[in-house]
Amino acid sequence: MPPVTENGCGVGEYEVVELRAAFAELVSLATPYPGPGRALAPMHAIFGGADLTFERDGYLALQRLTHELADQSLAEGGPTSSTVQGWLVCACRVALDNDLDQGFAELVRQIDEPLRSWTVLEHVRGHFAQTPLRVGRCVVYGSLESIPRWEPSREWRVCLPMRRPHPCL
Amino acid sequence: MASLLTHETPAPVLVTTVFARDHESARVRARDRFDESRAILHLISDHIDGGKIGFSVLDEAGDARSSAGVEEGFVVRRLGFDATMTLGYRGLEAGAGKDSLERTDWERRVLAAARWLRRCFTTDWPSERVAAAMSALECLFVGGTGIRQQKGRAIADHVAPLVQVGGMTQDQVHAWIVELYKRRNDALHEGLWVLDDLDAARLVELTSSVLRWASFHLDEDHDHLEARRACQTREEAISSIPQR
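Just so you know, the protein sequences line up as chains A and B, in that order. For what it's worth, the working numbering labels the leading residue of the first sequence as 324, then goes sequentially. For what it's worth, the working numbering labels the leading residue of the second sequence as 3, then goes sequentially.
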């Protein structure tokens, strides 16, 4: 199935109809989590937060739709399979709690979210004669505090310079 | 040196900005950029520390020799006066700053080779080191469809006149590379071990030298081409190698 979004991917009437039908099928195959008293089919996925389970045909439908809507991370910037699966499960929950139209609208809203800008940081160990130092598409800064327009939260301060204990094999 | 790399001082950070639909895709895209930048830092660093898993060894008397696992660390002292890359790496850095589809043939090859070379330093397994080093050399020297069956020889043809290996003549270097490429094939295709860790280490040293040569040909003012510009293609760069 071609992409369905409006954000540069185009949205043909046919694709929307096709997506809606696939989504309707997925909703019809979603069931509440039966609890630990019943064994689930070997192929299943449980989403505790949404209280939904997909088994057998439901699991295959979820896989198929996820695969069709997900996109490559490196080439296209996603969305990743896990994100798409989250959208689908959330939209199924909305559809079951309200109606199919609202669930589908929620799904399309998520698909139509544009690409966003992300600043990604990684701790690099070493001594640099001078910073900031541009290296390809990254910049080495001497510390978190020296990144322009960046006010590191307490969590960042804790996470980045973290030294982890090393388990032994 | 170890004290230089500990973090009593504020920890440096590598920062990039990417466009993505979700944080997982952002992480994948950023990882790609981080790995390219780290490959360049690896080449320009005076000293590379760590990047390996820690270990403990007990001798018969029960005395322990151990090494804590440490992350990869760099010491980068040689920068231009304006805090740009030093000569020999400016073109490589500029190439890494471009979108991957905008890179020239030689920029693409050298960056990929640098990433493979960095892999050599993250493992002690000779098979993996030889495979990664040979991948780096393939990126640089293997081109065209007719050469696919003779890759080891093609690499050796270009590398033997380019670098000197202590205790070997040029012909011996050539034969050694051809033989190592066969062992690389055995390791990758049949799971056979490359047992000679000294050979693997020597190949990694050789590959590092070759990478510096390759990066030099990306600098605009390198003196190989009359036009004084960066080499754009593999063919341009290897035209500087003397014939055997």
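Keep in mind the hints are simulated off the structure, nothing from the lab. Treat the numbers as computed from the prediction; the structure is a model and nothing was measured. Hints may contain errors.
[Unchecked claim] Coverage of chain B stretches by chain A, computed from C-beta distances (three or more under 8 Å per stretch; other residues unrestricted):
id, region
1, 16 to 23
2, 166 to 177
[Stated by the list, open to error] If you want a taste of the chain B side facing chain A, the calculated C-beta under 7 Å gives, among others:
id, residue
3, E26
4, V30
5, A63
6, G64
7, A66
8, R67
9, S69
10, E73
11, G75
12, V77
13, W127
14, G193
15, L197
In this text, a Cβ means the ideal position worked out from N, Cα and C, and glycines have one as well.
Okay, the hints, checked on the actual structure:
1. Given as covered by chain A, the region 16 to 23 of chain B passes the check, having 8 residues with a CB less than 8 Å from a CB of that chain where 3 are the minimum.
2. Counting residues of the region 166 to 177 of chain B whose beta carbon lies closer than 8 Å to any beta carbon of chain A gives 0, which falls below the threshold of three, so the coverage claim is violated.
3. This hint holds: B:E26 has a C-beta 4 Å from the nearest C-beta of chain A, less than the 7 Å allowed.
4. This hint holds: B:V30 has a C-beta 4 Å from the nearest C-beta of chain A, less than the 7 Å allowed.
5. Hint status for B:A63: violated, given a least beta-carbon distance of 21 Å to chain A, over 7 Å.
6. For B:G64, the suggested interface contact is broken, since its CB lies about 17 Å from the closest CB of chain A, more than 7 Å.
7. About 12 Å separates the beta-carbon of B:A66 from the nearest beta-carbon of chain A, more than 7 Å, and the hint is not met.
8. With a least beta-carbon distance of about 14 Å to chain A, the hint placing B:R67 at the interface is violated under the 7 Å criterion.
9. Look at B:S69: its Cβ only gets to about 10 Å from chain A, farther than 7 Å, so that hint breaks.
10. Taking 7 Å as the C-beta cut-off, the interface hint given for B:E73 holds, the closest approach to chain A being about 5 Å.
11. Interface hint at B:G75: satisfied, since its Cβ lies 4 Å from the closest Cβ of chain A, which is below the 7 Å cut-off.
12. Taking 7 Å as the C-beta cut-off, the interface hint given for B:V77 holds, the closest approach to chain A being about 5 Å.
13. Below 7 Å, beta-carbon pairs count as interface contacts, and B:W127 has none with chain A, the closest being about 15 Å; its hint is therefore violated.
14. The interface hint given for B:G193 is violated, since its Cβ lies 22 Å from the closest Cβ of chain A, which is over the 7 Å cut-off.
15. Given the 7 Å rule on beta carbons, the hint for B:L197 is violated: about 22 Å separates it from the nearest Cβ of chain A.
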